[in-house]
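If you're matching them up, the sequences are chains Z and F in order. Per our numbering, residue 1 is the first one in the first sequence, and the count goes up by one each step. Per our numbering, residue 1 is the first one in the second sequence, and the count goes up by one each step.
Relax, there's no trap hidden among the hints.
The list that follows gives simulated cross-link-like pairs (lysine-lysine, DSS-like), each with its CA atoms no further than 27 angstroms apart:
hint, chain 1, residue 1, chain 2, residue 2
1, F, K169, Z, K113
2, Z, K43, F, K57
3, Z, K399, F, K239
4, Z, K239, F, K399
Anything over 10 angstroms on all C-beta distances counts as not near chain F; from chain Z, calculated:
hint, residue
5, I2
6, A29
7, A192
8, N407
9, K411
10, D449
11, V471
12, L502
13, L556
Computed far set for chain Z versus chain F, every beta-carbon distance over 12 angstroms:
hint, residue
14, L188
15, K194
16, D282
17, G350
18, Q412
19, E413
20, N414
21, T448
22, K498
23, R510
24, D541
25, R572
Derived from the structure by calculation, the hints contain no laboratory data. Everything numeric in this text was worked out from a predicted model, so none of it was measured. Yeah, the Cβ is synthetic: ideal placement off N, Cα and C, and Gly gets one too.
2 protein chains.
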Amino acid sequence: MIVDIKSPVPSDIEIAQAANLRPIREIAAELGLSEDDIDLYGKYKAKVHLDVLERIKDRPNAKYVDVTAITPTPLGEGKTVTTIGVSQGLHYIGKKVFTCIRQPSQGPTFGIKGGAAGGGYSQIVPMEDFNLHLTGDIHAVGAANNLLAAAVDARIMHENELSDEKLAKALCPDDRFAPWMYARLKKLGISASKPSELSAEDRRRFFRLDIDPYSITLNRVIDVNDRAIRNVIIGLGTKDDGRPRQTGFDITVASEVMAILALASSLKDLRERIGRMVIGTDRNKNPVTAEDLGVAGAMTVLLKDALMPNLMQTLAGTPAFVHAGPFANIAHGNSSVVADMLAIKLISGGYLVTESGFGADCGMEKFFDIKCRTSGLIPNCVVMVCSIRALKMHGGGPKVVPGIPLNPAYKQENLELLEKGLCNLEANIKIALRFGIPVVVAINRFVTDTDAEIAIVKKAAEAAGAEGAFVSEVWAKGEAGGAELAEAVVAACEKPSKFQFLYPLDLPIRDKIEIIATQIYGADGVDFEPAAQAKLKLYTDLGYDKLPINMAKTHLSLSHDPTWKGVPKNYRLPVRDIRASVGAGFLYPLCGTMRTMPGLPSRPVFMDIDIDLETGKVVGLS
Amino acid sequence: MIVDIKSPVPSDIEIAQAANLRPIREIAAELGLSEDDIDLYGKYKAKVHLDVLERIKDRPNAKYVDVTAITPTPLGEGKTVTTIGVSQGLHYIGKKVFTCIRQPSQGPTFGIKGGAAGGGYSQIVPMEDFNLHLTGDIHAVGAANNLLAAAVDARIMHENELSDEKLAKALCPDDRFAPWMYARLKKLGISASKPSELSAEDRRRFFRLDIDPYSITLNRVIDVNDRAIRNVIIGLGTKDDGRPRQTGFDITVASEVMAILALASSLKDLRERIGRMVIGTDRNKNPVTAEDLGVAGAMTVLLKDALMPNLMQTLAGTPAFVHAGPFANIAHGNSSVVADMLAIKLISGGYLVTESGFGADCGMEKFFDIKCRTSGLIPNCVVMVCSIRALKMHGGGPKVVPGIPLNPAYKQENLELLEKGLCNLEANIKIALRFGIPVVVAINRFVTDTDAEIAIVKKAAEAAGAEGAFVSEVWAKGEAGGAELAEAVVAACEKPSKFQFLYPLDLPIRDKIEIIATQIYGADGVDFEPAAQAKLKLYTDLGYDKLPINMAKTHLSLSHDPTWKGVPKNYRLPVRDIRASVGAGFLYPLCGTMRTMPGLPSRPVFMDIDIDLETGKVVGLS
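Between the sequences and the hints, there should be enough to build the whole structure, so can you do that?
Right, here's the structure in full:
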């Protein structure tokens, strides 16, 4: 550990600031990275160049571990703490280890939740950088998304004002097609070597995107919790201020651009995915893409540095990539493919530990069926985090609400509530086993948990087919507190992998959704509402039916209803609508209303955050 | 030069990418900066820690040179090229030199104008980084501004929903005032050591900000040219989506936070200025500040790294700070105070060359009366950039419009037009002389300019009191092309400085505005419209009358009317309204309508920008 362990455990930021950080250059050197392989961002962060991958591509992969959780309470069950903790534990028992984790949004950092760098003696440091701008990747995503949005409204306005001839002249002033225009020519089946060769009809079809303002699905984004801009009318003012229409702002991490950044496997792949992004349709219902708008190149330029993973360290001084952070409901909620591709080779002979968002039904299923499918990497072990608190909630315990003191039921021994809630752990273990991967249960022990409670959970986990359940005390004890868990992970990774996807891509969209609903969520079937039925047909016609499925569903229940705890049964899953993230490369059926822009509470955590002007240090960040 | 000079001159990006960049660590070392004094951002950018200042504060100041211009055409007259060029020229003749320049907004980079790193053989490199995210400072400004905006609307919503008692309980759950609350207690004249001691009336006054939604002057910001969000209605949706009101988005560099970043002289000063930012008033017309909202600390945390200047290099391999970029119309349009404070000591014995926005009536006047007043630094010389093209325009030449080919009148010798336009050069020289600073005129020579034309300008400049006029060929020839100009700057800097401000701060607001209007703009007087008259009284009552004046006026004329070229006479300056940037520390009278959010043209320059997937290099950035 690069920090001395104290008891009682100080605040997260006190621990982080007390750490004796290793220069990131030194950590990079241990990984075999030269100064030319990295770009330093200060002394404790570096971006790693992707061309390193070519040099190390023939090394054997490290063991690949995904940390997931049972269905959480709204407070979260310590998945990030455990992800970092099991990594530190692996280091403690003498293994090489690399941690790959998502970058959190700044919104929650200043809103209700606070930071997301882990906690206690299980953190990524420097935690201020982790929780704030880091190296600016989220800002780059926002800039790219918003450049695209501005391009859409500007194009609508200019097309309204210009004749076909003037539009053609404006876009191709020297009677030459720009390089990116050939994709659109091909799509429209037009062959011409220069604009003046186009027939009047083809000129119109080619230059006039004719975007239907009511079809636009692209929102603008901002990395702040700002409910007031969820629904807005833009384009007010005069003729020179665009055209009025209703639209909205999402938080930046909900942008499809973020999902693309997380799934792109190379700069070329990034460029192509950006180009495929669909912003809406024309008045004939044909999709309009970022490539059609001529902005995909500029967006890629804005993202070129963001595509390089950010190297940081854990409190054990071990390497960590912090890279990309797509929403785990409307997107796939997993850190980047390129970070894992690099780390699994850089730590060859060791362990790559990563985390997927929310519970096993949410982020883990997407980790397997979307992320692993994209990267081609095969996982060896799943760590399933659970807490006695969450299990009691699933057993019928009182409602858990952020910002309101926890009910005493959660702080006293209550074996009955716990027993009733074990079903949720069992169901989540079964979900993981369904993919052919061994499961190690990590019990994130709170000070109020009793030995009897722990023993019950251990027994249930084994009975459900897990390799075992192990108490994690990484928050209070650092790497030593994760040793037992780490040993179990090592043992599980030695088992032969029987990894399989949940569904093949070439099934019809409807079948893929039904498999997820019945086999993962335990529904009896799926009810497709009319909008969703129309999309089944539309997306099949458009050729999007070979994409994987990214269910947009609450993380607070195995079902679509956040109030149904435990293991909901005897229900059908309603699918309200289906949307397509063609650039990211998935369809996302909507099961309920997904909020893509949080709000600030009556007392946001930003009220505690300030600079100590004597030391220049940040205070109050949690 | 770190690049070989070719003829014909290649594109800006080709030149920049061909340069053999010096590691920034090496440049820092030459300046006496250790590895602990800087934070590297890759190999060619670094942030410099402000605590360096304490160590070098007793060194003599370098000579301080401001580059300004005559009243420009909408195309700009090469001020940045000349700023970098004269710096490179000083290096060429054996002087130590440091260049301090603003960071450009990404909006124009992708809109009409393209990049702003200079051009030809007079550039800051790497030009891609310069024109794109750099080290994320503008993103940090946007994040801070938008956190404040979200805090405003969230507060309005929560105050609407909560009783005084519940509001007090939410904000002080443990009956303790947060540290930042004492400023508000003092402002309201309330003495209490804990919330429960407050009378019902004081509790209401203290906790309820009672923001008048119609008074809010704070806009949200985004770093994209996006006219469609200039005027928006926010807060639509349901009860949980905030309260509807009309507002707007500005481009990020127009944020008061950017002006603050540029004027703050230390982290402490930054924290205090942020706290003083006024977002609007309560229903009793009292100003409501960022401090009142409890968000000033968090905003400062978001800006702590942004306050450190960014070290880069010119094509002569000399050091350059690229730092802050406030709008030059509603803000003061000058790069940061901290960069100049550091550079003037780091290059002690040499020359610090900086640039102010637009013409001498705009950015230079603000450079002297606002920036120099804040920094306490005294300039030694002004370089006045002019072009034959602009002088001809002032002489009555045809209208110059961006994106439309230049009229032949500007490409052929036309001594008559030129002679008629010389008055604008003379007026701008006199403006600079008014401050007691010697003026060196730089003629940014275009290939079509004739020797006879150059000779006329030289003669006129000398007659107007300049030290002389010198042809700058830095664009085509690099540092050698700036040698003659550099020699003239050296000579001018040897003259004793008689620097004086235009006005003392303790004059009434009205008088300060009248001095600028009559002595700088050549108006006969000022007409204050009723809104402006009301503000004269209001701001005097509020104690803002000791602030300097930051005129918000078109840069395309010495007057308020962009179509009046040459030297407008016999007119009165209309002041429509006056606004206050209390955090930045200036009042800005509005002379005409200032656009604070540009739009995208029918063919934005982003259409030329892409990544070369073979080399990973950016193409098409200009």
